[in-house]
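Work out the full structure, taking the sequences as your base and the hints as a guide.
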Amino acid sequence: MQFDYARRGVAAALGLSLALAPLAATAEDLTGTLKKVKDTGAITIGYRDSSVPFSYLGGDEKPIGYAMDICYKIADAVKAKLGLPKLEVKLNPVTSATRIPLMANGTIDLECGSTTNNADRQKQVSFTNSHFLTATRFVSKKANNLHTIEDLKGKTVVSTSGTTNIRQINEVNTEKKLGLTILPAKDHAEAFLMVETGRAVAFVMDDVLLASLVASSKEPGAYEISKEALSKPEPYGIMLRKDDAPFKAVADEATAKLYTSPEGKALYDKWFTQPIPPRNINLNLPMSDEMKKQFTKPIDSPDPAAY
Amino acid sequence: MNYNWNWSIFFDQSPEGTGTYADMLLSGLQWTIVTALCAWVIAFFLGSLVGVLRTLPSKTANAIGTTYVEIFRNVPLLVQMFLWYFVLPEVLPRQLGDAVKQMPDAPFYTAVVCLGFFTASRVAEQVRAGIQALPRGQRMAGTAMGFTTYQTYRYVLLPNAYRIILPPLTSEFLNNLKNTSVALTIGLLELTGRARSMQEFSFQVFEAFTAATILYVLINLVVVVAATFLERAVAIPGQR
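Sequences listed follow chains A and B, in order. To convert, note that position 10 of the first sequence is 10 in full-length UniProt numbering; the numbers rise steadily by one, no gaps. To convert, note that position 77 of the second sequence is 77 in full-length UniProt numbering; the numbers rise steadily by one, no gaps.
Please note that the accuracy of each hint is not assured.
[Claimed, not checked] Chain A regions said to be covered by chain B (calculated; three or more residues, Cβ under 8 Å): (1) 95 to 102; (2) 159 to 165; (3) 187 to 198; (4) 233 to 244; (5) 295 to 303.
[Stated by the list, open to error] Here are the simulated distance ranges between beta carbons: (6) 98(B) with 273(A): 26 to 32 Å; (7) 239(B) with 107(A): 53 to 59 Å; (8) 230(B) with 90(A): 39 to 45 Å; (9) 210(B) with 171(A): 26 to 32 Å; (10) 90(A) with 221(B): 38 to 44 Å; (11) 154(A) with 210(B): 35 to 41 Å; (12) 171(A) with 98(B): 49 to 55 Å.
[As the list claims (entries may be wrong)] Selected chain B positions facing chain A (Cβ under 7 Å, derived; list incomplete): (13) 2; (14) 4; (15) 187; (16) 196; (17) 203; (18) 205; (19) 207; (20) 210; (21) 227.
Hints were generated in silico from the structure; no laboratory data involved. We put the CB at the ideal spot given by N, CA and C, even for glycine.
This is the structure:
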């Protein structure tokens, strides 16, 4: 009996100290998002409703996508780091106009979508290791026979207002004296509609977004995406609050671990080379050389030249 | 709040290479004002015509006026913008449709026409209310004087009706001015659209929208003050 009690006592003490160990180790130096997550037992992920295949609403109105899968991994890493028995993952929809205020006021902790990581934006937020690289290209109707940027001379093209892409086509237009009429559209779907209805002959955008628009259009065979690119591949990153180094360290470690493992390649293939819900379209975008490099040695630089 | 305020952002070069962010917002303001004024011209004349139609003794005229008002007042403005911009060119004869699509500044013209027709339905209701607010004896007096219907409206009813509805017309003008922001959905680079692109480029959301808000308030104050002067100038001495 005596012996038994003692053993139980030791076990209880051990269990208690085990449970308390992570608490004791981190309680003092927890700051920013990690502290918030620890205090509330919840982490909030901001998702986009139509950023296929990064973050979008699937058949049952639940957000799914490549970036969402990555964010769930980050949430797991945060849970492990804080030694929480249970972590609630809340989901909050964001748009390009609301993501910054919601990130700043603490409503969301991670923004999972297709947000370009660039130097200007780094003044306001941070980004984890880039999860995708995309170059600016244009989509046009095959019937129009437009293959290079020179072919667009004197024509009307469209891009989405407020994107880096519309800036690039403006620059190319001035530089090469193409005499383009450049229409700004409110969003990607509308810009594509302009090409569909003939308001514009080409839509200048990130190639991955073009691929998803074409794949989900009525006649995917009627469009072609230019081989020629207007820019070097630019990185997409998952957005975090600025000046929150401990949280960024956890997120960076989790993403680096994921990308360099075979799971990373499998995750990429799941969303970019296989049919995806809800309509089982296939984007057919095998990994580019830059992406392969990024997945061997993940970095978070906003500079396209670094990839 | 973990937000990096930067009010000097307005003096930074915008990445479009056409000047600073402040220039960008001001060019947006210009489009807003021009669109609002052009749309108002359509709204005022068409609205007056339809409003009068609804008060004429003719049943056919009433029906035409009522149909117009109900169609344009009951369909959301955003939907109307899309119909004008995307659907209209498709139902026109092919050549004409293509010409419309290739027109330079198409979003501007579309916005003016759409907003003009939409606001006209609202102005029409104000005009009808103004005419019906007049004592019935005025119309009869006109007839007794031997005026034709046109003359009764021109010299008796409308001058009084417009004076009555001046305050609600001012509200309508302000609505019209703010409604121009809906045109950003068809690619018009007006003030709200420019504030949105500014926040996309710089990620300084609050600065961009604060500036846009202030500009809207200022321009609306100017309209309100001008309307007050107009009301005083056209008031009939001794009335009210």
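(request) State whether the coverage of the segment 233 to 244 of chain A by chain B holds or is violated, taking the criterion as 3 or more residues with Cβ-Cβ distances under 8 Å. (result) With 4 residues in contact (Cβ-Cβ under 8 Å with chain B), the coverage given for the segment 233 to 244 of chain A holds.
(message) Interface hint check: residue 187(B), Cβ to nearest Cβ on chain A, cutoff 7 Å. Holds or violated?
(response) holds (5 Å)
(message) residue 207(B) was flagged as interface toward chain A. Is the shortest Cβ-Cβ separation under 7 Å?
(response) Since the shortest Cβ distance to chain A is 11 Å, the answer is violated.
(request) With 49 to 55 Å as the target window, see if residue 171(A) and residue 98(B) comply at their CB atoms. (result) violated (29 Å)
(message) Assuming the hint says 39 to 45 Å, is it satisfied by the Cβ distance from residue 230(B) to residue 90(A) or not?
(response) violated (53 Å)
(message) Within 26 to 32 Å: is that where the Cβ-Cβ distance between residue 210(B) and residue 171(A) falls?
(response) holds (29 Å)
(message) For the segment 159 to 165 of chain A, count the residues whose Cβ lies under 8 Å from any Cβ of chain B; is that count three or more?
(response) Answer holds; 4 residues pass the 8 Å Cβ test.
(message) Taking 8 Å as the Cβ threshold, is the statement that the segment 187 to 198 of chain A is covered by chain B upheld or broken by the three-residue rule?
(response) Since 4 is at least three, the answer is holds.
(message) Just to make sure I understand the rule, a stretch counts as covered if three or more of its residues have a C-beta closer than 8 Å to a C-beta of the chain. Does the segment 295 to 303 of chain A meet that for chain B?
(response) n = 0 at 8 Å, threshold three: violated.
(request) Report holds or violated for the interface hint on residue 227(B), using the least CB-CB distance to chain A and a cut-off of 7 Å. (result) violated (32 Å)
(message) Looking only at beta-carbon atoms, does the pair residue 98(B), residue 273(A) fall within the given range of 26 to 32 Å?
(response) violated (39 Å)
(request) For the hint on residue 2(B), just tell me whether its beta-carbon gets within less than 7 Å of chain A. (result) At 5 Å from the nearest chain A Cβ, residue 2(B) passes the 7 Å test, so the hint holds.
The earlier numbered hints that this structure contradicts are 5, 6, 8, 12, 19, 20, 21.
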